[in-house]
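Here is how the chains run, residue by residue.
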Amino acid sequence: MKTNLNFRRVAVIGAGLTLFRRRMLETPQELAWEASKAALDEAGLDLKDIDCVVIGSAPDAFDGVHMKGEYLAHAGGVKKMVSRVFVGGATGVMVPISAWYHVASGLCEKVLAIAEEKMSPARPHPQSVFKYIWDPITEKPLNPNLIWIFAMEMHRYMHVNKISKEEIALVSVKNKRNALNNPYAQAAANLTVDDILNSEVLVWPVQRLDTSPVSDGAAAMVITSEDVARRHTDTPVWIEGVGWALDNTEWIQRDLYYPRYLEYAARMAYRMAGIENPFKEIDVIEPYDPFDYKELHHIEGLMIAKRGDAPKLLKEGVFDIDGDIPSSPSGGLLGVGNPIAAAGLMKTISIYWQLKGTAGKMQVKKPVHTGLAQAWGDLMQASTVVVMRN
Amino acid sequence: MNGTPLKEEDLKKIHIIKYKPDAKYSYTAGQAYSKFLAGLKEKKIIGRKCNKCGRVYVPPRMYCDDCFKPTDEWIEVKDEGIVETAVASYISWTRERLEKPEIVGVIRLFPSRDNDWVFPGIFHRICVDLEQVKDMSVFGKKVKAVWNEERIGSVNDIECFKVVE
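So the sequences go chain by chain: V and B.
Each residue of the first sequence is one higher than the one before, counting from 1 in the UniProt record's numbering.
Each residue of the second sequence is one higher than the one before, counting from 1 in the UniProt record's numbering.
In isolation and in its complexed conformation, chain B is listed as follows (with noise of 0.2 Å):
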């Protein structure tokens, strides 16, 4: 059989190579998210609309992918909507254990409707209990933002998103 995989006791040997590139990134925000970020700041979502199909792009994009064409208009959508789906992860970015689940989702913003495919959406934290989101009793309730009260222009400037019915 070709391949030979290691023995434990080769593990206790291992070298590790530790390597810290020295690649720092100043990324661009363009047009769309620059007035997205500035609009948490003012505690509004800023999306973008294509009055051809009607798309409204949440976070906001500068073209329509369908249309193949620019976007028309900054439109404001509402800090509320629908829960999509929801998880609760016990494990961090690096794979530890965490002591809480942290819980995060999408929320279809309004306006949309319930059967809209394609929808104006955010990828957040949402603040309720473990159980809720366990038996999925969380999904297609109607949340609102929490902002906080120091704002940077950040996604972070939301708390979270918490039920509101």
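Bound conformation, chain V alone (with noise of 0.2 Å):
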């Protein structure tokens, strides 16, 4: 990957989040706009200082409401330059990735980036809406229900690396944990490993508790240029890399026990913060946690522990909330919720806090410097990257 280094610098000044719920009363324009004023409030701005806005969502099915760019747009995009950007599940990091280039080209001076999801409104349930994402030919008439990839995918990463049941469970364990210092989450709890290996098996190796719930929510962040910032902050925290990279659409041709489109786009995220030791450089991280396995996936593929040996690290308390690389101190998908691409925006936010230290209960113990958030999705091949300092 080679990149264009002469942007310009970009910072985050404010971020507001919705609770993260199943069935939320507000319509998804007005969770989107509670987000964004949220997020206008804490940078000091007004809506009419915001040059472009950024909004981001999964599939329209899911709120039932079709272009739903254009519909959310009126949480603070009327009259403005509005684009929507959707890469599945990776698209909560693609909006702040979105708004970073808006400024770092050196086109606008202020961007409200907005994500919503809502997908309780599907019935009997969200996971039927998920039927259309699939080849229509090879793969439909199978009747495959989502769980199905992520399933033979986990399988896969257990086989290949000789990971236990007990030892993905701790991911859980400790996101649901974390949640319990979160206002803002849904499924924080104190649980144990036994409690995850007895919850419902849905597709084997997955359970219930082995996943995030379904949820409604949004999450919006103020980016802006440096000489904005500076004038409306003494704390902004830089958004120093981005990345993002996709790989074969083909999963069935593909091995899944590596996440091979998130390397190339850490890589490229690291080139440009200048990270050469991610493991030793990062204080903090926010990988996507869909499901519990999911999260040691991606600290392999972010190369913050060697291939297979993110169980061994987790079992060591290296992501605790405590440890030396906490990992989602935010309590993630499984503990906040799982609003698609509100929940990719909200772990972005969560670093952006824990830069500049207002994240309250969930501030990690050692002082931070440098954060990644990340999010992963389409069908398993998506994958984007931000890298933040203070």
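Heads up, some of the hints might be wrong.
As the list claims (entries may be wrong) - Below, computed lysine-lysine pairings styled on DSS-like, alpha-carbon distance capped at 25 Å:
#1 B:LYS44 - V:LYS165
#2 B:LYS20 - V:LYS162
#3 V:LYS315 - B:LYS134
#4 B:LYS141 - V:LYS165
#5 B:LYS134 - B:LYS44
#6 V:LYS140 - B:LYS100
#7 V:LYS315 - V:LYS365
#8 V:LYS131 - B:LYS20
#9 B:LYS100 - B:LYS141
Unchecked claim - Derived DEER-like restraints, expressed as beta-carbon distance ranges:
#10 V:GLY44 - B:LYS69: 51 to 57 Å
#11 B:TYR25 - V:ARG123: 51 to 57 Å
#12 V:LEU25 - B:LYS18: 20 to 26 Å
#13 B:CYS67 - V:GLY44: 49 to 55 Å
#14 V:LYS366 - B:SER34: 57 to 63 Å
#15 B:PRO70 - V:ASP227: 24 to 30 Å
#16 B:ASP114 - V:LYS306: 17 to 23 Å
For the record, the hints were derived by calculation from the structure and aren't laboratory data.
For glycine and all other residues, C-beta sits at the position ideal for the given N, C-alpha and C.
Make the complex out of the two chains shown on their own, each in a separate frame, by following the hints.
Written out as structure tokens, the structure is:
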């Protein structure tokens, strides 16, 4: 990956979240508005100050509203430059990346980045909406449900690296426990490995507590040029590296035990941020964790652990909230909830608050200067990475 | 705090809108999948090969992703392969509970090698005991397609893949 390094410095100066819950009373527009308003308030800006708006949302089918970009634009984008980004589950981190290049290029000074998802309206279950992401000819006739592919990936990862379900369940235990400190969280709990292993089996080896819940929610961020940031805050957080990549869509033909697409995305972000040894140089991470095995998979793809080593480091406490590299201190998708695009932006916001020192009870114990947020999606082949510093 | 979650009693008065869109699709199978589906009718698994990089595409593709050029020839791969991964689904595609779990997985078809990152593959049902999925002993096992008597040119012309060794 070659990048043109002559871009402007970009800062985050505000962020907002709604509660993450199942079956929210608010409409998708109202949720997005609440998050946007909170982000603008933290930044000390009015909507009239914003030049460009970036909107992120996963498939329209979840909210039951088609052309959701235009629909959500009412949360801040009317009479402005608006664009929608969508790369499946990776969307939530693509939103700040897109906002970053709006500013880095010199096109905009102040960008409002919004992500929203309302998954619970689908009946009988949002699961059925996922049927339309499969290949209509070679896959759909087998009546797949979405969890099949993740279970297949998880089992392949376990088989190649000889990892047990107990080792993987520790991720869920950690993240749901971290979420107890998060006032926005939906699925915070103090659980044991046994609780996870005794939960309902969905698609073996995936059990109910290995997964994140169905959620509604919205998130927003204000991303600006250096000049604007210096005028509005003494504690800007800089976006210093971004990366994204896609692997082949034919997941059937690809070995599933290692997220190669993420390694490409991470290499791009590290190169931009000048990171040579991610294990030593990154202080806090929010890897995407819609399933517990996925956090481990991603920690390896981010090259923070060697292939197959993430469970060992997890057991040693490296990724605990008071560990060397706290992972998902927010509680992640497993603990906070998973309104898809909003969840990815929530992870970016979590790192922003950590680096700003305003994460409250979620604040990790050690001082932090470099953080990373990551998301992943589509048919298991898209990944997005953001590296930030204070 | 922003946001208002619904209470349990609110759900009892929920107003559901049912809507069946009048959206029907005539999918085109294209050259590659058409030949693939016609092959299944004759108990053959057809792929496409790129002679530049040697990659065999099953399901077939008319161009090579990596070389960004047309693939060169039709190739018949075996209806045998190695189980790469297998899972047991206790839920249907609408998330209803299933009485009997359904076992599916990915098979790396021959000819291919153990360490191929990209390989000719098929996603299908595997007829094997639940225990062999749970203890992962089905991984790496050689399997062969069980073909249906009546075939219409669909991936469902294969009943499932059965362990042969």
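Taking the hints in turn, this is what the structure says about them:
1. B:LYS44 - V:LYS165: Distance of about 38 Å is beyond 25 Å: violated.
2. B:LYS20 - V:LYS162: 46 Å, violated
3. V:LYS315 - B:LYS134: Holds, at roughly 23 Å.
4. B:LYS141 - V:LYS165: Holds, because 22 Å separates the two Cα atoms, which is no more than 25 Å.
5. B:LYS134 - B:LYS44: 31 Å, violated
6. V:LYS140 - B:LYS100: Given that 25 Å is the threshold and the Cα spacing comes to 20 Å, the pair holds.
7. V:LYS315 - V:LYS365: Roughly 19 Å separates the two Cα atoms, so the pair holds.
8. V:LYS131 - B:LYS20: 16 Å, holds
9. B:LYS100 - B:LYS141: 23 Å, holds
10. V:GLY44 - B:LYS69: 51 to 57 Å: Given range 51 to 57 Å: holds, Cβ gap about 55 Å.
11. B:TYR25 - V:ARG123: 51 to 57 Å: With Cβ atoms ~22 Å apart, the hint is violated.
12. V:LEU25 - B:LYS18: 20 to 26 Å: The hinted range 20 to 26 Å holds for V:LEU25 and B:LYS18, with Cβ atoms some 21 Å apart.
13. B:CYS67 - V:GLY44: 49 to 55 Å: 53 Å, holds
14. V:LYS366 - B:SER34: 57 to 63 Å: 59 Å, holds
15. B:PRO70 - V:ASP227: 24 to 30 Å: Between B:PRO70 and V:ASP227, where Cβ atoms are some 51 Å apart, the hint is violated.
16. B:ASP114 - V:LYS306: 17 to 23 Å: About 21 Å separates the Cβ atoms of B:ASP114 and V:LYS306, which means 17 to 23 Å holds.
Going down the numbered hints, you'll see the structure goes against 1, 2, 5, 11, 15, while the others check out.
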